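**Student:** As a plain string of letters, each chain reads:
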Amino acid sequence: MSRVLVPCHVKGSVALQVGDVRTSQGRPGVLVIDVTFPSVAPFELQEITFKNYYTAFLSIRVRQYTSAHTPAKWVTCLRDYCLMPDPHSEEGAQEYVSLFKYQSPSVTFPKWLSHPVPCEQPALLREGLPDPSRVSSEVQQMWALTEMIRASHTSARIGRFDVDGCYDLNLLSYT
Amino acid sequence: MAVLPVPVPSAKMAAVEKRRQAVPPPAGFTDSGRQSVSRAAGAAESEEDFLRQVGVTEMLRAALLKVLEARPEEPIAFLAHYFENMGLRSPVNGGAGEPPGQLLLQQQRLGRALWHLRLAHHSQRAAFNNNVSVAYECLSAGGRRKRPGLDGRTYSELLRRICRDGQAPEEVVAPLLRKVQCRDHEAVPLSVFRAGTLTCFVLLEFVARAGALFQLLEDPAAAVADRRVGQAVLDTLEGALQASDAAAPARFLEAGSRLGPDSLALALDRAVGGRRPSAPMTREEFLERAAALFIAKVKPVG
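Chains as they are written, first to last, in my numbering: chain B, 110 to 284; chain A, 5 to 306.
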């Protein structure tokens, strides 16, 4: 099967940033690059090749037109794919990258990490239960405070050598 | 006509005091007028000296430094309390009559130490530690009838006051106090003092968060929460606090996963969906149980 280059138009990168891009001072961490395909004929995308330039993580979302009647929807193909193992090092900073259609993670994740994909809707909560995100926020803060205290125990001792109850008069020896 | 020199204000003085302009008198004063002129000249010259002599310049400088260090949300109220406390520090009633009794001195010291400890939030760690040292020195200072050093009784009293003023219920903080208090006769070193006071303040914040959490869970009409829901939340927190064998980052990830909204929603759903009937849980009970989870992780003094 031969592979054909699909003509595409790569737009300039846009920073995802809260507030006015011109006036605010921070350097945004997330940039979005739009790629459009001027040709109308449908095709099946097999491979994306590019040269990285100091991007650590990459997500790819594709807007698919399934049929004439249903509206186009966005589908996430790749989420936080790691291009640079350490963002502060050079490894992977200027590499050529090829992403294939059937890319799948080869690492096995521990069980507690295998949550449902975030874009899936969680099961509808029954009526009358408290808002889980607010409960979660409070509980997380309580957890953080406890962890902090657990970690900050002092090694200093007060020099207490007695055992509980050793000052009890009846236990003191007369000899 | 005498030219009255205007006192040159320093930048700091300008910030806190109104600049006083000396008004030059019109020409042709009478004798008595000339006298008042010379007096006014002397007063204007020594205004700055006067302020410096009575210690106002130094006091205001110290006050401003404290404000900068503490960064309170309400600076004016903060300064008001600061100056109110300064009154306590000066000799009582100008030294008239007999010197205050030992008990009154003790109460004054405690009050001052408490005030120092409350200047900065415990999360502002550098400022908080600073204030802890000052409070410790204040309590350890020797007096006429007092040996230098901090005794266990005063330390325990201070911890009780911190918790009481923080509006935490007695039953909630009692187990913590049992763990961190010192015996009356024991000498308390600074490190133990610092750890104990920090733990009390963190517990107060923990109890406040637990109170806010209970408000989310409670039925507003009945002022109680569904026991199944409250227990489920506490059990989830307890589970997240269990120390697993994994190293720190993995442990945090696991806790974060357990305490995330999706996971909590599932836990709540499961709790209510079971066949156990609904029963009420009061706020006091919820706070006590939540605090117990915190206190379990506190290392007892020894």
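Keep in mind the hints are simulated off the structure, nothing from the lab.
Treat the hints with care, as some may be off.
Pairwise CB distance ranges (calculated) [unchecked claim]:
hint	chain 1	residue 1	chain 2	residue 2	range
1	A	Ser261	B	Ala181	29 to 35 Å
2	B	Thr185	A	Arg279	50 to 56 Å
3	B	Ala181	A	Asp223	44 to 50 Å
4	A	Ser261	B	Val123	28 to 34 Å
Which chain A residues stay away from chain B? Per the calculated CB distances, all over 10 Å, these [what the hints assert, rightly or not]:
hint	residue
5	Met63
6	Ala81
7	Asp169
8	Thr203
9	Leu221
10	Ala227
11	Asp266
These numbers were taken from a predicted model, which means no experiment stands behind them.
In this text, a Cβ means the ideal position worked out from N, Cα and C, and glycines have one as well.
**Student:** If a hint holds in the structure, say so; if it doesn't, say that too.
**Tutor:** Verification of the supplied hints:
| no. | hint | in the structure |
| --- | --- | --- |
| 1 | A:Ser261 with B:Ala181: 29 to 35 Å | holds (33 Å) |
| 2 | B:Thr185 with A:Arg279: 50 to 56 Å | violated (40 Å) |
| 3 | B:Ala181 with A:Asp223: 44 to 50 Å | holds (45 Å) |
| 4 | A:Ser261 with B:Val123: 28 to 34 Å | holds (32 Å) |
| 5 | Met63 | holds (35 Å) |
| 6 | Ala81 | holds (26 Å) |
| 7 | Asp169 | holds (19 Å) |
| 8 | Thr203 | violated (6 Å) |
| 9 | Leu221 | violated (5 Å) |
| 10 | Ala227 | holds (15 Å) |
| 11 | Asp266 | violated (6 Å) |
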